[in-house]
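Just so you know, the sequences run in chain order P, R, X and V. Position 140, counted from 1, in the first sequence is what numbering that gives the first Met the number 0 calls 139; the numbers after and before it change by one each time, with no gaps. Position 5, counted from 1, in the second sequence is what numbering that gives the first Met the number 0 calls 4; the numbers after and before it change by one each time, with no gaps. Position 61, counted from 1, in the third sequence is what numbering that gives the first Met the number 0 calls 60; the numbers after and before it change by one each time, with no gaps. Position 37, counted from 1, in the fourth sequence is what numbering that gives the first Met the number 0 calls 36; the numbers after and before it change by one each time, with no gaps.
If you are wondering where the hints come from, they were derived from the structure by calculation, not from laboratory data. Quick reminder that beta carbons are idealized off the backbone N, C-alpha and C, glycines included. Each hint should be verified, as a subset may be incorrect.
Some chain X residues flagged as far from chain R (calculated, every beta-carbon gap over 10 Å) [unchecked claim]: (1) Val17; (2) Glu40; (3) Pro83; (4) Val170.
FRET-style restraints, in silico, Cβ to Cβ [stated by the list, open to error]: (5) R:Met121 to X:Gly172: 46 to 54 Å; (6) V:Phe9 to P:Pro19: 46 to 54 Å; (7) X:Gly172 to P:Ser81: 51 to 59 Å; (8) P:Arg65 to V:Lys37: 52 to 60 Å; (9) P:Gly139 to X:Glu222: 38 to 46 Å; (10) V:His78 to P:Asn2: 47 to 55 Å; (11) V:Lys37 to P:Asp1: 47 to 55 Å; (12) X:Gly336 to V:Gly63: 38 to 46 Å; (13) X:Pro37 to R:Glu214: 27 to 35 Å.
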Amino acid sequence: MDNIYLPRIVKIEDIYEEAPDVRTYRLVFEDKKHAESFSFRAGQFGLYSAFGCGEATFCIASPPTRKGYIQCTFRKTGRVTSALSELGVGDAMGFRGPYGNHFPVEEWKGKNILFIAGGIGLPPVRSVIWTCLDRREDYGDITVVYGAKKVDDLIYKNELSHWEEREDITLVKTVDPGGETPDWKGKVGFVPIVLEEAAPRPDNCVCVICGPPVMIKFSVKVLEKLGFDGDCVYTTLENKMKCGVGKCGRCNVGDVYICKEGPVYTAKEIKRMYNDF
Amino acid sequence: MAAEHDLKKKAKELLTKGEVKVVIGFGWNRAGTRTTPVFITRPEDTDRLVFNPLCVNNLSLYLTRKFKDIQALGRPAIVAKGCDIKCIAVLISEGQLKREGVYIIGMTCEGVVYRQELWAGMNPCTRIPEDIMPTKCHNCDVRNPHISDVTIGEKSIFTPPEKPAGMVFDRIKEIDRMGAGERWDFWMEHFSRCIKCYACRQVCPLCYCERCITEKNMPQWIETSAHPRGNLSWNLTRAMHLVGRCTFCGECERACPVNIPLNLINQKMTLIVKDAFNHSPGYSTEVHPPMIVFSPEDKEDFIK
Amino acid sequence: MNKKLLRRDRIGLLIEGVIKDGVFIAPSISERQVVYGPVKEASEITFDYIIPRNSFKDFLFPQTEPVARFKAEKDAVLLEEVKPRPKETVIFGVRPCDAASRASLRSVFTWDFKDEFYTKREERALVITIACTKGDDACFCATVGISPEGSAGSDILLRETEAGDFTVEKVTGKGGSFIDAHPHVFEDSVSGCALKEIFNPEPIGGVNLEKIKEWLKEKNHYENPLWAELSRKCVGCGACTFVCPTCHCFDIIDEGTYASGERRKNWDACQFEYFTLHASGHNPRDTQYKRWRNRFMCKFNFYPEKFKSIGCVGCGRCVRVCPVRLDITEVMAEISGQPGQGGS
Amino acid sequence: MEKNLPITAFEPKIMAFVCNWCTYAGADLAGTGRMEYKPNVRIIKLPCTGRIDPLFIIKAFENGADGVLVSGCHPGDCHYTTGNYHARRRWIAFKSLLEFAGIDLRRLQFSWVSASEAIKWVDIINNITDEVKRLGPFIEYKRLKEGI
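Chain P with its partners taken away, still in its complex shape (with noise of 0.2 Å):
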């Protein structure tokens, strides 16, 4: 019998702690046999489980070509994030998936690829750069744009300076106003006005964008005014999830399931759904 419900057991390999609530937490299937057939898509997402406490849904931070392990980044806020958080290396986890739609990164060949992330927006959009720069020649150029409400908000603080070094990026740092330290050399503003200073050109370019609802709101403003078109504007959306198969009926927006037929879409789909959000 296949229990669709039925996590598999992962060991935490490492932990990364990436800002105050926030860690990173590397994790290794238990079951050898099943490690090397796992696979997934950049984009799609997990349950994690917490024995005892429940499941919580994050995307798969690491990227798709990386074999062996996948990882999650998650802020302690609820019950489950908070028994998660208290889990040290070696100790057991559960984990569901993959589930969801992926970003289409194959059909993004030849073009250039900007992304947008906000705070704790940035793990899905990190396990697409990263897909990207593992296949560098394939794309035109990279300009991230990433964002947080204060300095050691930022996660992923190391891949932020070997982005930098890269020549073959282009890197984009902010905080909001007030977040910044005094050895702060980023830019300092919120994302859309960031954004609309870096003014990327928005031909042959596709936008990945993920991060806090009035970001996305007002950093899709600002590329309709710089002319990106509605149909290359991907975003992931969050709801609540429980099962992440489709059957619980908690996640759809209207009429759509976010949790079977996305969580990606574009800004254009978004605009056609009910304004259930």
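Position chains R, X and V relative to chain P; hints supplied.
Same frame as chain P, now just chains R, X and V:
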């Protein structure tokens, strides 16, 4: 029905003068077979208002913080029977409402029907037979509303029995006579049928917590699964949260889709509170509910 | 196809046969109301009912069931799968509207991922429907295109005769083999016994499903103030969704501790405030009218769009159980009457 | 210590919800006074009996307690002046509710133990343990634990 006519006239007058913005009352459903809560905001709609023994709902529910969109309509007038007014009194005594914040149209009442379907097809203007009246009406001492801005309807001359009587109180005596094990089996059989739909909580005017204890999951105090263990802690906790407050409007038992006799628990606790603290809820807006005050003379014989 | 006959006094025999290693579910009186429930002998069954208060989904998709158990050992976690081993279940005395709801549940529980907790139970269930000979003011099957003697979703369809017995009509192969397996119960009937008159409900005036579907498709109708007005009295309990045969939403929670506990699948309702609450505190459906709108849209827009079948079978349970008598057919009539339908 | 213990006789699990200023201090005094008493009790310290929610007692039974003791300052001694008066009211109602629900009240005992009454604390613990041992395990609740 003269009372209905006066009610419509009063409601129209209040709305046209702008003294209230909405009249919360009863109206017929489309088929004209059942009454259902209606919210009249325009004077010309006031002739939809009705009042008869089918008006069982406790409309004071719509005055609580659970209905912010109704509160946003402005100062309400409410069509209220005596038992509903008791709930309003408790809400005022618990600081949920201001007396002047609501215009109470008190309706004299000769008893309502336990469930509307029991009276299908009868003429609502006639007196209702005793056997389909709930126990609360057989013991009602507020058939003439005790708190109201206006009272409509003929004065009732009904005097309730000295000691509370009726099916609910008989069954309570029956349960008291049982042994502990028998009582446990009695309640476990009922509680195991609970499906955790929370209709009992949602129709109760006194269950107005913004986030109920069952929705708190850090830690999960009351298990949300509808197995006997989760149901027992839910029903015991709800009974404890209503001790000394429940005014026997009977809505919880009426709304329960699996017919759990919730009135038995609530009325047993009301008897205990009356006996131990000499408090009966719902008669005055000044008296604090018993569980938030204390008295050094509280009698106890079980504390070692 | 020769019709069989099921005498009322033979039902006891049928029950004995089934409950040897199975379960016999039938309508019986409990707590002053008719509910589906397991019965041991024929005397417990009641035949004088319009429709049981609960729906027979209770036995295919129970209110609460474990889906996994876990135990912590040193630094590993033992995960034990829970396999439902349902017994052969005969569900007797079902109404055609209930039986028709099977298709709705099956379509969502087998949408790509198969929920074996449902499908395993459904495969072991045999649905014996009795055509309706009476109804009440809450029934509206005809309004949603379901007939009081419809056979969709049933394995065997019974029709009451004047004498009180039942003519037996085989609907599915499974029903046929069940009939053949109990020859002493289902006799060859001498044709021509008078049937009781089938309940003939009038579709509710002013309700037009096509109009409703068109009106709901219009995105700007989603913000129409009609929704807030029509559902203002809704108290936000889960009674309507829990007795509804086509409502399938559920919650997955853990009980116990990290050391040992189980993961359970419980009924949940889109009418509850915290059903869609995000960890960030945002709630896309924060007010009651948005939740009620979602329930109506689910039945008359989402389901037809996704699964090509209306999500409502017109059994009227939500109307009967609602503490404030919020009648879905009144909302259907109201929406059918909305201007701006284009056409008539 | 014999190598193989006798087949373990039933040892009741007793939960004690005690107030920090009086009963806990009394229990502490019993400890510092090297007074021996049955080890079946698990003590949970709370600021005051006024803070003891009836839900704690239900949760204790749910998680396997066979007996629950709730104890605090004598009326008038409360560090917060009125905590124990409120608690007493709550206990009067809660005890009757559990009795009405069919729970054997010998499994739930209330007491006032002041900071100096170490001997009273020892007696209460010993006799609640003996009494619950005679009553045996709380099977009704444990059967609930197995679920439906």
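For each hint, the structure was consulted:
no. : hint                             : in the structure
1   : Val17                            : holds, 24 Å
2   : Glu40                            : holds, 20 Å
3   : Pro83                            : holds, 16 Å
4   : Val170                           : holds, 30 Å
5   : R:Met121 to X:Gly172: 46 to 54 Å : holds, 49 Å
6   : V:Phe9 to P:Pro19: 46 to 54 Å    : holds, 49 Å
7   : X:Gly172 to P:Ser81: 51 to 59 Å  : holds, 53 Å
8   : P:Arg65 to V:Lys37: 52 to 60 Å   : holds, 58 Å
9   : P:Gly139 to X:Glu222: 38 to 46 Å : holds, 41 Å
10  : V:His78 to P:Asn2: 47 to 55 Å    : holds, 54 Å
11  : V:Lys37 to P:Asp1: 47 to 55 Å    : holds, 51 Å
12  : X:Gly336 to V:Gly63: 38 to 46 Å  : violated, 60 Å
13  : X:Pro37 to R:Glu214: 27 to 35 Å  : holds, 33 Å
In this structure, the one hint that does not hold is number 12.
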